[in-house]
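Trainee: Given the structure of chain V, go ahead and fit chain F onto it with the hints provided.
So the sequence lines, in the order shown, correspond to chains V and F.
At position 75 of the first sequence (counting the first as 1) the number is 75 in our numbering, and the numbers step up by one without a gap.
At position 332 of the second sequence (counting the first as 1) the number is 332 in our numbering, and the numbers step up by one without a gap.
Hints are computed from structural coordinates only; laboratory data are not their basis.
Ideal Cβ positions, reconstructed from N, Cα and C, are used throughout, including at glycine.
Incorrect hints may have been included.
Anything over 12 angstroms on all C-beta distances counts as not near chain V; from chain F, calculated [to be verified]:
1) 62
2) 179
3) 437
4) 522
5) 641
Derived DSS-like pairs: lysine-lysine, alpha-carbon spacing no greater than 30 angstroms straight-line [as the list claims (entries may be wrong)]:
6) 235/V / 170/V
7) 62/F / 40/V
8) 280/F / 566/F
9) 269/V / 418/F
10) 269/V / 635/F
11) 285/F / 235/V
12) 609/F / 381/F
13) 40/V / 110/F
14) 635/F / 40/V
15) 149/F / 285/F
16) 274/V / 586/F
17) 381/F / 403/F
18) 274/V / 594/F
19) 269/V / 526/F
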Amino acid sequence: MLPDFASVNPETKREALAFLDSLDDARVIAGGTDLLVDMKRGESCGNVVDIMNVKELKRLSVNDGKIIIGSTVTHAAISKTVILNDMAQSLSVACGWVGSPQIRNMGTIGGNLVNASPAADSIPPLLIHDAILSIESKDGMREEALEDFIIAPYETSLRPRELLASVCIKGLPGYREGYRRAAKRAAWAISRLSVAWAISEDDDHFVDVRLAIGSCTPMPFRPRDVEEFLKGREKNDPVIREAVEIVAEEIRRISGDRPSFVYKMPVVKDLVQKALRG
Amino acid sequence: MYIGNETNRIDALDKVVGRPIYAEDLSVPGALFGCVFRSVRPHALIRRIDASAALASSGIVKILSYRDIPGENIFGIIKKDQTYLAEDRVRYVGEPILIVLGQTEEAARKALRLIEIEYEDIDVISDPFISGGSRTLIHEKGNLLSHRKVIKGDIEKGFDEADVIVEHTYTTAWLDHAFMETESGVGYPDNKGRIVVVSSTQNIHYKQKEISKLLAIPEENIKVIQATTGGGFGGKLDVTVEGFLALSVYHAKRPVIMRYTREESFLSNTKRHPLYIEYKTGARKDGAITAIKVSIIGDTGPFASYGETVCLRAAVHATGPYEIPNVHVDSKMFYTNNPVSGAMRGFGVPQLAFAHESQMDEAASMLKLDPFDIRIKNALKKGSLTATSQALHNSVGIVETLKKIEPYWRKRTRESGKTGFGLGCMYYGIGNTGVSNPANACLTITGDGKIALHTGACEIGQGSDTVLAQILQEALGLKMDDIVLVRGDTDTSKDAGSSSASRQTYISGGAVFDAAKKMRQYLDEKGFYKGRSIRDIYNSEADKKLLEHNGFFDPPTTPVDPETSKGSPYATYAFATHMTEVEVEKETGSCRVKKVYAAHDVGRAINPKNIRGQIYGGIAMGVGFALMEEFIPGKSGSFDNYYMPTSMDMPDVEAFIVEDQEPTGPFGAKGLGEPALIPQAASIVNAIKDATGVRAFELPCHIERLKILLEKAKR
Numbered sequence: 001m002l003p004d005f006a007s008v009n010p011e012t013k014r015e016a017l018a019f020l021d022s023l024d025d026a027r028v029i030a031g032g033t034d035l036l037v038d039m040k041r042g043e044s045c046g047n048v049v050d051i052m053n054v055k056e057l058k059r060l061s062v063n064d065g066k067i068i069i070g071s072t073v074t075h076a077a078i079s080k081t082v083i084l085n086d087m088a089q090s091l092s093v094a095c096g097w098v099g100s101p102q103i104r105n106m107g108t109i110g111g112n113l114v115n116a117s118p119a120a121d122s123i124p125p126l127l128i129h130d131a132i133l134s135i136e137s138k139d140g141m142r143e144e145a146l147e148d149f150i151i152a153p154y155e156t157s158l159r160p161r162e163l164l165a166s167v168c169i170k171g172l173p174g175y176r177e178g179y180r181r182a183a184k185r186a187a188w189a190i191s192r193l194s195v196a197w198a199i200s201e202d203d204d205h206f207v208d209v210r211l212a213i214g215s216c217t218p219m220p221f222r223p224r225d226v227e228e229f230l231k232g233r234e235k236n237d238p239v240i241r242e243a244v245e246i247v248a249e250e251i252r253r254i255s256g257d258r259p260s261f262v263y264k265m266p267v268v269k270d271l272v273q274k275a276l277r278g
Numbered sequence: 001m002y003i004g005n006e007t008n009r010i011d012a013l014d015k016v017v018g019r020p021i022y023a024e025d026l027s028v029p030g031a032l033f034g035c036v037f038r039s040v041r042p043h044a045l046i047r048r049i050d051a052s053a054a055l056a057s058s059g060i061v062k063i064l065s066y067r068d069i070p071g072e073n074i075f076g077i078i079k080k081d082q083t084y085l086a087e088d089r090v091r092y093v094g095e096p097i098l099i100v101l102g103q104t105e106e107a108a109r110k111a112l113r114l115i116e117i118e119y120e121d122i123d124v125i126s127d128p129f130i131s132g133g134s135r136t137l138i139h140e141k142g143n144l145l146s147h148r149k150v151i152k153g154d155i156e157k158g159f160d161e162a163d164v165i166v167e168h169t170y171t172t173a174w175l176d177h178a179f180m181e182t183e184s185g186v187g188y189p190d191n192k193g194r195i196v197v198v199s200s201t202q203n204i205h206y207k208q209k210e211i212s213k214l215l216a217i218p219e220e221n222i223k224v225i226q227a228t229t230g231g232g233f234g235g236k237l238d239v240t241v242e243g244f245l246a247l248s249v250y251h252a253k254r255p256v257i258m259r260y261t262r263e264e265s266f267l268s269n270t271k272r273h274p275l276y277i278e279y280k281t282g283a284r285k286d287g288a289i290t291a292i293k294v295s296i297i298g299d300t301g302p303f304a305s306y307g308e309t310v311c312l313r314a315a316v317h318a319t320g321p322y323e324i325p326n327v328h329v330d331s332k333m334f335y336t337n338n339p340v341s342g343a344m345r346g347f348g349v350p351q352l353a354f355a356h357e358s359q360m361d362e363a364a365s366m367l368k369l370d371p372f373d374i375r376i377k378n379a380l381k382k383g384s385l386t387a388t389s390q391a392l393h394n395s396v397g398i399v400e401t402l403k404k405i406e407p408y409w410r411k412r413t414r415e416s417g418k419t420g421f422g423l424g425c426m427y428y429g430i431g432n433t434g435v436s437n438p439a440n441a442c443l444t445i446t447g448d449g450k451i452a453l454h455t456g457a458c459e460i461g462q463g464s465d466t467v468l469a470q471i472l473q474e475a476l477g478l479k480m481d482d483i484v485l486v487r488g489d490t491d492t493s494k495d496a497g498s499s500s501a502s503r504q505t506y507i508s509g510g511a512v513f514d515a516a517k518k519m520r521q522y523l524d525e526k527g528f529y530k531g532r533s534i535r536d537i538y539n540s541e542a543d544k545k546l547l548e549h550n551g552f553f554d555p556p557t558t559p560v561d562p563e564t565s566k567g568s569p570y571a572t573y574a575f576a577t578h579m580t581e582v583e584v585e586k587e588t589g590s591c592r593v594k595k596v597y598a599a600h601d602v603g604r605a606i607n608p609k610n611i612r613g614q615i616y617g618g619i620a621m622g623v624g625f626a627l628m629e630e631f632i633p634g635k636s637g638s639f640d641n642y643y644m645p646t647s648m649d650m651p652d653v654e655a656f657i658v659e660d661q662e663p664t665g666p667f668g669a670k671g672l673g674e675p676a677l678i679p680q681a682a683s684i685v686n687a688i689k690d691a692t693g694v695r696a697f698e699l700p701c702h703i704e705r706l707k708i709l710l711e712k713a714k715r
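Only chain V is shown next, with the shape it has when bound in the complex (with noise of 0.2 angstroms):
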């Protein structure tokens, strides 16, 4: 059962600010989809702002190579849309795997990046687009990279009477890229292990890798010294070896050894080193 709440629909930016400004204890819904089960677990708010019907976060745009995605676009929209599906796969292809088609139909970008999930699909392809989000408030706009914006597992650094507005990512044209997982079943899973890459190399070697990693760490992360170690490197046997060896390393640098590393350590590895043989 849903505690007792008050709503408010805004249908526009500015007046869901002021919303959001002029109530306590207000909690934004981009979807629900996170949200109400954590209401019907228990959690309490007084006030639920519902945007879904602010026309100008809805809004999916490409200009000049930059992608500008409005916080409150679904997974739905975003693994159907062509040009995403050109300019940014790995990130069409992992929105795709949101839950069931119900929860891509109503869950949002916006509320994913806020839930900030260690497991959170749309987030290890942002990473490697360098995701820069627009956050704005009554009092003005800021942006973020999404790399500074979540600062501990489903914890970020939104503040009260701030809304997360949109996601600005760059396409990567000439790059490969790409988003696998692993899950307990076909579908409706939350990823036990997911990579995103995206790498730009010549006939032999690597000229640019981005990968990164989630449902590993407490928050998904690029492991930025094997990105680093491959700039320029042959593409050959030995460097992909060593290169796994380094990704596990930087893990363990996070988060020590951990149980689940038995399965998800190999795992790793296996992705890794399928994504730069390519």
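Mentor: Positioned in the frame of chain V, the structure of chain F alone reads:
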């Protein structure tokens, strides 16, 4: 001809358009809502309960404890050892202690949080292996619930004759039935002062008897009605909400509704028994199996439920559908403080099929034989003796099911290094084990010129209503429009036994057939088959009692010997072969089931469409059993962390029906409900071995277990 018709199920249209009122949908004006206050400790003495704040909270009408039970605070379908409401001690997490009756669901659930309870923990037995030797007793008579043996031939001699020995240990997990509808119902006093309970159930007459004892009220003053039921799979055989509803109505004297939340259902419902199976097989070079020795240890939780049945059924079916000259099976079931395990589709046989089919493949591999050939060589035939030395004279279709699958097996080709194929065979005794388990049915002629079928058989989604109607139609030569089905009500029907053990088509079908023979003779005498209308016959019969014809069928079985299990525990057996193709993603350990060929000997297909539906459903459940489903006490609490297959995990299925007719069955029919599931997990595990070279000895073989096995094999 009505038998063998691809008739739509008679409840299909209504269910598709959402018309039926399920137990969960029931509401009665002025009803109270009942909630159960449950133990949070696995094993503890109850020192003090303070429900005063809860009782004083707004909207709370009554709080009931075991002291409010006028009759016996005990139930159990075989052995009565389970309390409705805990007295001075709790034995598992989730055990009911109090019932809170509120004006609304919200009030009742809120009040649960206000109840204070003081426990004194006692030693927890969480493992069947320490249960037997423990000084802590879960029940006075000791922690061993049941010990069964199956002995045939000379086991030592059998192993001496073997050229190879295959010996492995297999383990399985707790599983939840996860039926679509959680335990739900309403109770109310009727205008005759009787207590009526309407619930989601698999057996109305059993529940009527238990409520009668609970309330110390004669059975005729208790009426149990089956609401349209959203699945059972064995989980709605034990008393769930029914006892609480009856007790609540007894005290409140007004209607009461109960509906478990999904979390509560996970916590309190019985589970599939986890079994630990040590299995030793001896075989000669030519593939003939000379001996099988099996030791089974099971965990039934703190109460018997169906633990004894599972202990015996697992033992009796341990050798699979093969003729084995020398057999020694030792099966023990222990009490623990884990969740209560009970009936779940197959009563221990799916677990054993996983073991015996893995053993068959391992033996074939050691002997360099084709897995198909070793199975057909050892398969039961007419005249074979089963492990309990029962001679099979009729309807032994295992070889036929193998032959249906053979062309697909012979021409199988691996698409890539990731794919593999596996076989699974099974046999399954239809009906309860070595005990009388009859069904009644009654036919009457109604004033509007129809034949009414009165049956206590519960339609739980398996299709019994349609099948029984088809049997009746065939026996009397009547159209569906001439038949009325009156069922699911203890007032209007006699006991048909539970919808369990794959028994309703065979046993209730037999009772309907028996009644129909009498009715046919009556109708014939009255000229119906010469064109006289039923209405006319009704009107002309002065003594309306003559319009009623009762049917009865009890399968001919013999009790099994307590020391050796020698005997004929079942009148007939179902047989099946499944062949499964899987694809394994070696990087992640995920296994996709791509295609299943399934052949089932059903005796006679009353409704082929329904049979295929059962097979598809059984396969879906087998995919879950093999690859993902696992209830971990204290961790699994909802669908958030209890994974079961979705439609995306479902393979393509090609189903084949074998009809080796059973002479004692209605038109030759046997049963199928559980067989559809039983060989599936085994065939998946065998296919994984074929694809990857690794074998899972522990179920479920989920992504993590499979990946770890693959990693170990690399070294």
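Trainee: With the threshold set at 30 angstroms, check whether the alpha-carbon distance from residue 40/V to residue 110/F stays at or below it.
Mentor: Satisfied, since the Cα-Cα distance of roughly 14 angstroms is no more than 30 angstroms.
Trainee: For the pair supplied as a hint, residue 609/F and residue 381/F, is the alpha-carbon distance within the 30 angstroms limit?
Mentor: Status holds; Cα separation ~28 angstroms.
Trainee: Need the status of pair residue 280/F, residue 566/F: alpha-carbon distance at most 30 angstroms?
Mentor: Holds. Residue 280/F to residue 566/F sits at ~21 angstroms (cutoff 30 angstroms).
Trainee: Is it true that the CA of residue 149/F sits at most 30 angstroms from the CA of residue 285/F?
Mentor: Satisfied, since the Cα-Cα distance of roughly 28 angstroms is no more than 30 angstroms.
Trainee: When you check the alpha-carbon spacing of residue 635/F and residue 40/V, does it fall within 30 angstroms?
Mentor: Holds - the C-alpha atoms of residue 40/V and residue 635/F are around 19 angstroms apart, at most 30 angstroms.
Trainee: Take a quick look at whether residue 62/F and residue 40/V sit within 30 angstroms of each other, Cα to Cα.
Mentor: Answer holds: residue 62/F to residue 40/V is near 26 angstroms, not above 30 angstroms.
Trainee: Take the C-alpha atoms of residue 381/F and residue 403/F, compute the straight-line distance between them, and say whether it is at most 30 angstroms.
Mentor: Holds, at roughly 13 angstroms.
Trainee: Would the least Cβ to Cβ distance between residue 522/F and chain V come out above 12 angstroms?
Mentor: For residue 522/F, whose nearest Cβ neighbour in chain V is about 55 angstroms away, the distance exceeds 12 angstroms, so it holds.
Trainee: Is the straight-line distance between the alpha-carbon of residue 269/V and that of residue 526/F 30 angstroms or less?
Mentor: violated (81 angstroms)
Trainee: Does residue 635/F lie within 30 angstroms of residue 269/V when you go C-alpha to C-alpha?
Mentor: Roughly 29 angstroms between the alpha carbons, so the hint for residue 269/V and residue 635/F holds.
Trainee: Would you check whether the claim that residue 641/F is not at the interface survives, using Cβ distances to chain V and the 12 angstroms cut-off?
Mentor: violated (9 angstroms)
Trainee: Please verify whether residue 285/F and residue 235/V have alpha carbons no more than 30 angstroms apart.
Mentor: violated (52 angstroms)
Violated hints for the displayed structure, listed by number in ascending order: 5, 11, 19.
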